[in-house]
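Enquirer: Spelled out, the chains give:
There are 2 protein chains.
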Amino acid sequence: MTRKVVIVGAGFGGLQVVQDLKGAGCEITLIDQRNHHLFQPLLYQVATTLLATSEIAWPIRRLLRNRPDVTTLLATVTGIDRERREVLLKDGGRVPYDDLVLATGATHAYFGRDDWEKDAPGLKTLEDATTIRRRLLLAFEAAELSDDPAEREAFLTFAVIGAGPTGVELAGIIADLAHRILPREFRRIDTTKARVLLIEAGPRILAAFPEKLSAHATRSLERLGVEVQTGSPVTDLGEAGVVIGDKPIPCRTVIWAAGVQASAAGTWLGVETDRAGRVMVSDRLTLPDDPHIFVLGDTAHVETDGKMVPGVAPAAKQQGKHVAAMIRADLAGKPLPGPFRYRHMGNLATIGPNSAVIDFGRFQLRGRLAWWIWGLAHIYFLIGTRSRLVVALSWLWSFLSGQNSARLITQKETLRDQ
Amino acid sequence: MTRKVVIVGAGFGGLQVVQDLKGAGCEITLIDQRNHHLFQPLLYQVATTLLATSEIAWPIRRLLRNRPDVTTLLATVTGIDRERREVLLKDGGRVPYDDLVLATGATHAYFGRDDWEKDAPGLKTLEDATTIRRRLLLAFEAAELSDDPAEREAFLTFAVIGAGPTGVELAGIIADLAHRILPREFRRIDTTKARVLLIEAGPRILAAFPEKLSAHATRSLERLGVEVQTGSPVTDLGEAGVVIGDKPIPCRTVIWAAGVQASAAGTWLGVETDRAGRVMVSDRLTLPDDPHIFVLGDTAHVETDGKMVPGVAPAAKQQGKHVAAMIRADLAGKPLPGPFRYRHMGNLATIGPNSAVIDFGRFQLRGRLAWWIWGLAHIYFLIGTRSRLVVALSWLWSFLSGQNSARLITQKETLRDQ
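Sequence order for the protein chains is A and B.
When you line the first sequence up against UniProt numbering, it's residues 1 to 418, in that order.
When you line the second sequence up against UniProt numbering, it's residues 1 to 418, in that order.
Only chain A is shown next, with the shape it has when bound in the complex (with noise of 0.2 Å):
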């Protein structure tokens, strides 16, 4: 009878294994708690009001409607039932498999200070992008309201913690949008005067990244008005917030990018993780005792020549392709392929709304030529034509109008969630 395959979540390195599975003849159940397949490199301009959720986002039946074989699951799994190699799903549902691939992400860590996430959303989700776009935008509003001098300036304080990728990127929007998009809209405030800090507890920003392009990373931030402060571990914040080692800084909006923490894949299984969750696997991606289960992706720690492969979406896809080769291999009774290795394609930042910095290892870029790399590549890795024409429509409009298309509050009036 055949194969059962059970994938959990269709993040980049799940659909890819659904992708390569293609005509293996197995039976394949896609389960993910959400509706739709994520672009997360972009998910940061969806947050700073560059994109619009629906540009960044497909839903999964869409993409695999030709995909007989794949049958799509909208649910939450709570277990692993590993002795009758059951998923367990929320509602109380359970999924037979013979091989499961475990693909299920990573979300916020907060070091241990959980109660800090509701004044400091971090960005993962959709939802996250349109939490954090929604306190961006009524910051400014709250400021053009206020009568109160000391409660405006804490309005249009802003501060992104961690100065990976991610913190850079929404750091230069933010002060771009501030500083060059909503000055003219505003009657009581001068948004140009609003801060945007960008809090890293390490030494230098970008910290993947060779120090030269860090160096030139920070210069470009500070001509676009962030405030880059480095060594400057976070010790507290709350609503009024953040306190930088024993300094208080007033400011309404803060946003994590700090740490990620695994998803719960290790705990269903019972298995050893690391200090961030991540399953330990085998060279072939499998639990070491189980080579029917497989882990990949943010969810895995996986080494390369004794480096850890990094969480980002190329990652994850060449995981995704090693899985589906092994499971076909396994299939086809062929001997099973070498252990994974990991191709390393490159780090990239973009910072502001034209610039990036590119390190290809052989050689670096940065300014508006990596911008255009970087814009090119992205809009080559949306799926269909439609998101490709609607992302490039976006950015052009943006460019040539100096206008954000994005920019509604689509949720409550309030500044905290309720």
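It cannot be assumed that every hint is accurate.
Unchecked claim - Pairs of lysine to any residue, SDA-like flavour, derived with a Cα cap of 20 Å:
1. A:Lys-90 - B:Lys-22
2. B:Lys-22 - A:Arg-187
3. A:Lys-4 - B:Arg-187
4. A:Lys-4 - B:Lys-90
5. B:Lys-90 - A:Ser-146
6. B:Lys-4 - A:Arg-188
7. B:Lys-90 - A:Glu-151
Think of the hints as simulated: they come from the structure by calculation, not from any bench.
Position chain B relative to chain A; hints supplied.
Expert: Frame of chain A; chain B shown alone:
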């Protein structure tokens, strides 16, 4: 000192007043509880996945960025102090006015059964639209997950209550979604079996249209697979479904398009209203006892030749023009314009993805040609080249690809809002 004009509500009426007061030399404050102007005539297309939220809404500030004479406030009005001539805001603020324009629109009316709202949301705001979209899509997901035939059937039964233009438009697109667009995407359920009920208490649908067009619309809807039930008063509804007369119909998704209720403006002013809460205004659109307080649009009860002016966008715009003309004349010390007279442009409603009925009074149109006229008219009335481009693209895309482009579930994966 300059005349202070305060306008509450940035819908079609309120924005028209702002537009026509350009250069009049008054100090305008525009107050709305949302940050965007919404193109309500296309809202049903957001609710039914044809358009994305960002395509039919525009940040009010951006629309008015070239109007230094206008201050925009994102705030909720709680009352009006007619003694001191001030508008009261939720946060305690007060906005003084010389002229006050109330264009605060309408909301749904449940005929004294407000408890029905949570199970049968209406369609007035972007949030309403995304809520309805979410429930529609989640109903199909829940049916795919369910193993209980009765439950599946209830999830695959959709009821639209009220067969005015909005109800007809919703029912048509939902049927198209279930019967033409989704079937290929589900493996366990057959969405072509989904039932879409259009429930009307009155004797025929589209009561405002000539009998011939109602009959044509009924036939077209039935061709799309909509079950049209006229003379069917809803006596009760809840999470389990709707009750028509004494016949219960199990159904998990109910949309309310039956009644409207004017906003609270009448209460704020403490004046006489009609049964729907509309403020009774003079033929100059002012309060009988205060020529400096104007009420217009869905919030006002206005009659022309003894016929009540309908709650449609063109009426609100015409009233906005009239109010601006009154204020300008008063400012210039010129004689005031005569009484307001409504010029009816015609009624139109779309039926499914590519048919419509239009009643121009003198002559009538139906079918595909009517749809094209309807479509062009609406694209023309959208604000800005970008929106026109994007909406046209979305329609063209659905037309060519047979796919609706806005199928995201961007809120919690729950059928009811917690």
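Enquirer: When you check the alpha-carbon spacing of Lys-4 (chain A) and Lys-90 (chain B), does it fall within 20 Å?
Expert: 57 Å, violated
Enquirer: Has the given pair, Lys-4 (chain A) with Arg-187 (chain B), been kept, meaning a C-alpha gap of at most 20 Å?
Expert: 15 Å, holds
Enquirer: Compare the distance between the alpha carbons of Lys-90 (chain B) and Glu-151 (chain A) with 20 Å, and conclude whether the hinted pair is satisfied.
Expert: 17 Å, holds
Enquirer: For Lys-90 (chain A) and Lys-22 (chain B), compute the direct alpha-carbon distance and say whether it is at most 20 Å.
Expert: 57 Å, violated
Enquirer: Are Lys-4 (chain B) and Arg-188 (chain A) close enough, with their CA atoms no more than 20 Å apart?
Expert: Given pair Lys-4 (chain B), Arg-188 (chain A) holds - Cα atoms ~16 Å apart, limit 20 Å.
Enquirer: For the pair we were handed, Lys-22 (chain B) and Arg-187 (chain A), check the Cα-Cα distance against 20 Å.
Expert: 16 Å, holds
Enquirer: Lys-90 (chain B) and Ser-146 (chain A) were given as a pair; does the straight-line alpha-carbon distance stay at or below 20 Å?
Expert: 13 Å, holds
Checked against the numbered hints listed earlier, the structure breaks hints 1, 4; every other hint is satisfied.
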